[in-house]
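Here is what each chain is made of, one letter per residue.
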Amino acid sequence: MIPALDISTSALVAQRIRLDTVSSNLANLTSLARDERGNMQPYQARYTIFQTDEALETKHGAVGVKVAAVQTEKLEPLYRWQPAHPYAIKDGPRKGYVAYPRVNMTAEMVDALVATRAYEANIGAMELSKNMAQQSLKILG
Amino acid sequence: MTPIVSLSLTPPPAPSLSALPTTTATTGQPFKNILLEALNQVNTMQSQANQAVEQLVTGGDVNPAEVLTTLQKADISFRMMLQVRNKLVQAYQEVNNIRI
Amino acid sequence: MFSSLFSTTTIPALGEVLNFAQARHTVLAGNVANVNTPGYRLRDLSQTEFQEKLKEAIALSRSSAEPMSPGLASSEPGDVMRQVRSSLENLVYHDDTNIDLEKQVAEMTKNHLLHNFALTVMTDQFQLLQTAISERV
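Same order as they appear, the protein sequences are chains A, B and C.
To convert, take the position in the first sequence, counting from 1, and add 975; that gives our numbering.
To convert, take the position in the second sequence, counting from 1, and add 197; that gives our numbering.
To convert, take the position in the third sequence, counting from 1, and add 3; that gives our numbering.
Incorrect hints may have been included.
[Claimed, not checked] Ranges of calculated distance between the beta carbons of each label pair, as one might list FRET restraints: (1) A/Leu1001 to C/Asn22: 44 to 52 Å; (2) A/Ile1024 to C/Leu132: 32 to 40 Å; (3) A/Ile1098 to C/Gly33: 34 to 42 Å; (4) B/Lys270 to C/Gly33: 39 to 47 Å.
[To be verified] Only some residues are given here: those of chain A computed to face chain B with a beta carbon under 7 Å: (5) Met1107; (6) Gln1110; (7) Ile1114.
Hint data in this document are derived by calculation from the structure and do not stem from the laboratory.
Ideal Cβ positions, reconstructed from N, Cα and C, are used throughout, including at glycine.
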């Protein structure tokens, strides 16, 4: 029962990181940042990559989970015609447009819901592990 | 309709004394030895249970449920032994009270 | 006579386990309380170190069990187990800068299970001794 607690904990940490990235994406729906060349680039959505955590492997083959990487998307920005905007593109074919991030709000909300349900499910699994360990003390009457 | 064939019922043969399975451990052994052996077994079970608990507490690779079962088995065999001893003492006292 | 009544059981070792579990609980609770403190470093009591010390103490108490003559005054038999208590004072500092609340709570849960286990087994051992003394099954 004790390794099961560690495995569930790793899942809780991973799901919380996933929820953090979703929050970051939703918060930065219309954010721009200046890159190294001085141009204003739109915020690119981040997403997490989960991976099995071999370090948490029990001898019967149960493994934990870890966040392998938080990667950035490379999507085409949304262009909006705002020639008076201070960050509008100065020259080129997109002159007068402002590049906004392309973040799919619906998909992010669904991801957040899934992460929340997974978090609750893992907490349920932890409760069961705790319950099993407590009940096994009843062997002693 | 087939008639009911009379069942040929014969009473089973009475078990003869020689056919009774005799435990080889008790043939010819004095009662004292049986008791001492049982005491040794109970003692071994107790020390095994103690060892299992110590192994678990010092980080050994034992299953907690197994340790608890070992403890309970040792417990029950000890209580059984105690009850046997109580009955023996009671029997001895009864024999002592027989008035000649 | 009465001091050696308990030394053949696992009661002294389990008592030390209880001490360790309770001390570790307070350290972990402190971690949870400081989850938002800037610059806080995680503290913990090393369980492996405690188990090593306990193993040594148990081996020592078993090996020094020479036949007791009535004139031999046994110096506090709890002394061997007392050396385990030094491992309760060494705090281990982690380098993680982000405290995972879930990990701390999970460690507290595991500690809690260990504590309950030790308590139940110790109670059971006491009851066994009482059964033997009262001769009533």
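Structure-based check of all given hints:
Distance hint for A/Leu1001 and C/Asn22: a CB-CB separation of about 48 Å, consistent with the stated range 44 to 52 Å. Range check, A/Ile1024 to C/Leu132: about 57 Å between beta-carbon atoms, so the 32 to 40 Å window is missed. Look at A/Ile1098 against C/Gly33: about 23 Å separates their beta carbons, and that is not inside 34 to 42 Å. Under the hint 39 to 47 Å, the C-beta atoms of B/Lys270 and C/Gly33, about 41 Å apart, fit the expected range.
For A/Met1107, the shortest C-beta to C-beta distance to chain B is roughly 9 Å, which exceeds 7 Å, and the interface hint is violated. For the restraint placing A/Gln1110 at the interface with chain B, the shortest Cβ-Cβ distance is roughly 10 Å, beyond the 7 Å limit, so the hint is violated. Annotation: interface hint on A/Ile1114 holds; nearest CB of chain B at approximately 4 Å, less than 7 Å.
Checked against the numbered hints given earlier, this structure breaks hints 2, 3, 5, 6; the rest are met.
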